[in-house]
Amino acid sequence: MKKDKVLKKWIGKTMKFALLGAVIGLGVSIIGGLNRSFWHIDLNQLKLFLHQVSVYLFLFGCIVANIVLGIYYGKTKRTVQRIVQAEEEVLDFLEDKFEIQFARGQILVVVSICFFILGACLLNTIIEIDIYLITAVLYIFNFFYTDYVVIQLYRLSIKVYPEKSKADPTSMNYLEQWLSYSDEAEKELTYQSAYSTFSKMQIVFIIAMFLAFIGQLLFDTGFFAILIVTALFGTFNIIFQVYYLKLRKQKLN
Numbered sequence: 001m002k003k004d005k006v007l008k009k010w011i012g013k014t015m016k017f018a019l020l021g022a023v024i025g026l027g028v029s030i031i032g033g034l035n036r037s038f039w040h041i042d043l044n045q046l047k048l049f050l051h052q053v054s055v056y057l058f059l060f061g062c063i064v065a066n067i068v069l070g071i072y073y074g075k076t077k078r079t080v081q082r083i084v085q086a087e088e089e090v091l092d093f094l095e096d097k098f099e100i101q102f103a104r105g106q107i108l109v110v111v112s113i114c115f116f117i118l119g120a121c122l123l124n125t126i127i128e129i130d131i132y133l134i135t136a137v138l139y140i141f142n143f144f145y146t147d148y149v150v151i152q153l154y155r156l157s158i159k160v161y162p163e164k165s166k167a168d169p170t171s172m173n174y175l176e177q178w179l180s181y182s183d184e185a186e187k188e189l190t191y192q193s194a195y196s197t198f199s200k201m202q203i204v205f206i207i208a209m210f211l212a213f214i215g216q217l218l219f220d221t222g223f224f225a226i227l228i229v230t231a232l233f234g235t236f237n238i239i240f241q242v243y244y245l246k247l248r249k250q251k252l253n
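Residue 1 is where the sequence shown starts when you use full-length UniProt numbering, and the numbers rise one by one after that.
Rather than coming from a laboratory, the hints here were simulated on the basis of the structure. Just so you know, these numbers come straight off a predicted model, no measurement behind them. If a hint is listed, it holds; no wrong ones were tucked in.
Okay, the calculated beta carbon distance ranges per label pair: (1) LEU48 to LEU247: 48 to 54 Å; (2) TYR243 to VAL53: 39 to 45 Å; (3) LEU247 to ASP130: 54 to 60 Å; (4) LYS164 to ASN44: 50 to 56 Å; (5) ASP130 to SER196: 43 to 49 Å.
Glycine residues also receive a C-beta, built at the ideal position from the N, C-alpha and C atoms.
Build the full structure now, drawing on both the sequences and the hints.
As structure tokens, then:
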């Protein structure tokens, strides 16, 4: 009985979202189909302007992310120095502190790299050659700085967990090797984080698909963006289920 109620509630919510998406999609289709001259807007010029502004916004975001990353790198380095000289009573506390700082550093690395990729892809929209060169140099500098901090964070983690140095960074199974040298508590946290990520990504894919449709209708981004989102959605879910079945078979055997 309880399962039926949950199922009905889930179906009801799904139908509401589907109806909302249909209404929004219809509205966007109507707006996109109207004569553009009626709105007195040159969408090509608007798109170029937005791309040029985005280059500077992404560069600003990249610089800010790297500044904060540098601050966290300094904090993590000091924590590792305390771990090396720490007594047994405070060692667990310092290792937990290191893990938190290391994770925040990794988040900032991802943010910085995303800003770099997005900004670098739009650099060709900058027409003035001098501004283009200055912006390109700043992007390259930020990229190498991020790469440098990533290497330093890896070296710090090896100081805290020397056994993880056995994992080969050049291997395709590097993360699995890294996890195999972790204790059970860390493995459990990793598994919980992975499943939570899987469930949250379903919402992310829905939003990404919606934005891809909007982009195709209003900015002529084409079918490729929709294809990429669909391919990622399918690949992500299929890999998860295949790996789940593999683990199930291992457990049965």
